[in-house]
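Heads up, the sequence shown is in full-length UniProt numbering, so the first residue is 1 and it goes up one at a time.
Rather than coming from a laboratory, the hints here were simulated on the basis of the structure.
Errors might be hidden in some of the hints.
What the hints assert, rightly or not - Pairs of lysine to aspartate or glutamate, EDC-like flavour, derived with a Cα cap of 20 Å:
#: 1; residue 1: 87; residue 2: 138
#: 2; residue 1: 87; residue 2: 28
#: 3; residue 1: 266; residue 2: 11
#: 4; residue 1: 266; residue 2: 256
#: 5; residue 1: 178; residue 2: 127
#: 6; residue 1: 98; residue 2: 132
#: 7; residue 1: 98; residue 2: 256
#: 8; residue 1: 87; residue 2: 256
Claimed, not checked - Cβ-Cβ distance ranges computed for the label pairs, FRET-style:
#: 9; residue 1: 213; residue 2: 68; range: 28 to 34 Å
#: 10; residue 1: 135; residue 2: 94; range: 42 to 48 Å
#: 11; residue 1: 9; residue 2: 48; range: 14 to 20 Å
#: 12; residue 1: 67; residue 2: 141; range: 35 to 41 Å
#: 13; residue 1: 200; residue 2: 248; range: 38 to 44 Å
#: 14; residue 1: 212; residue 2: 192; range: 34 to 40 Å
#: 15; residue 1: 235; residue 2: 135; range: 20 to 26 Å
#: 16; residue 1: 4; residue 2: 131; range: 26 to 32 Å
The beta carbon of each residue, even a glycine, is placed where N, CA and C say it ideally should be.
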Amino acid sequence: MAAITALSLWEARASTSIVLPTGCNSIDVLLAGGFRSGMITELCGEASAGKTQLCLQILLQCCLPQSLGGLQGTACYICTEGVGSVKRLHDLAQVYAKRYEAVLSIGTKRKRGESMTTKLSSSDFLDGIFIEQLYTVDELMMLLQTRLPALLAEQNTKLVVLDSVAAVFRLESTSSVKDAAERSRTMFHMTNCMRILSDEYGVVFVVTNQVTGDFDPRSAANGNGLCPALGLSWSHCINQRLMIFRNIASTQRQLEVMFSPHLPSKTCNFQVTSDGVRPIDGD
């Protein structure tokens, strides 16, 4: 068999890679278009920073036609901390339906990538978002190895969101070196499964993570003393880390690229509103 060049491999991946815009222009500019397939993107930040809000928005964004910045596919939302965000998803779906009310429906024929001739409604979005609720690492691995591959193959699923990874792995014991090593192996195995599925089916994977307070100057904490949960081993499992910082006194947020294979370390501002994640007025 003839040798394969690095260029041919890169061109093959680039030709099948997809980019999912977030629906917020300032974030899309920062991310060079949006979230990409072929990698695992972590979205971390403290509580109420807007991680879940942004994830809910890209779930809806995925359902839009490509002409409107979507992928005209379905999405999978994996909840590990309960399904309390479903009510917010419903509210945001109504916002999206109103925003694009003049657009043709994308509902029942989304799986085949065809268009409809009826008006778009919030039901079209919600019908295209599959929700999985789980609480343990074993349940997560079972999903990744059995049900999720079938979903990707049969439902034209283009986005998978895991919210959040810390909730399942923090239940795992790390009281001994053996336990910590086993947890690290499981994390690597999990993200390897995600990466294989992303490459095979052209799917965007976004994983949220919590942060912890860490004031050790030798740690990976930022200037606010916040460090992504799950430690150094987890940092080696992901390809791209984005961190959200919140302003307690306002709805304004800042998103920073902590590391990425294709993006410089930069920041952008956005705000969390009743209409979703939006650019700061005037941007």
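Inset, instruction - With respect to the beta-carbon atoms only, verify the hint that residue 9 and residue 48 lie 14 to 20 Å apart. - result: violated (42 Å)
Inset, instruction - For the pair we were handed, residue 98 and residue 256, check the Cα-Cα distance against 20 Å. - result: violated (30 Å)
Inset, instruction - Indicate whether the distance between the beta carbons of residue 4 and residue 131 respects the range 26 to 32 Å. - result: Given range 26 to 32 Å: violated, Cβ gap about 40 Å.
Legend entry - Hinted pair residue 178 and residue 127, Cα distance within 20 Å: Violated, because 44 Å separates the two Cα atoms, which is more than 20 Å.
Legend entry - Pair hint residue 98 and residue 132, alpha-carbon separation not exceeding 20 Å: violated (27 Å)
Inset, instruction - Sort out whether residue 138 lies within 20 Å of residue 87, counting only the CA atoms. - result: Violated, at roughly 27 Å.
Legend entry - Pair hint outcome, residue 87 versus residue 28 [Cα-Cα no greater than 20 Å]: violated (26 Å)
Inset, instruction - Confirm or reject the claim that residue 235 and residue 135 have a C-beta distance inside 20 to 26 Å. - result: holds (24 Å)
Legend entry - Pair hint residue 266 and residue 256, alpha-carbon separation not exceeding 20 Å: Distance ~6 Å between residue 266 and residue 256 Cα, so the pair holds.
Legend entry - Distance restraint evaluation - residue 200, residue 248, Cβ atoms, bounds 38 to 44 Å: holds (42 Å)
Inset, instruction - Determine whether the Cβ-Cβ distance between residue 67 and residue 141 falls within the hinted range of 35 to 41 Å. - result: Given about 37 Å between the Cβ atoms, the range holds.
Inset, instruction - Using the Cβ atoms, figure out if residue 135 sits within 42 to 48 Å of residue 94. - result: violated (29 Å)
When the structure is compared with the earlier hints, violations turn up for hints 1, 2, 3, 5, 6, 7, 8, 9, 10, 11, 14 and 16 and for no others.
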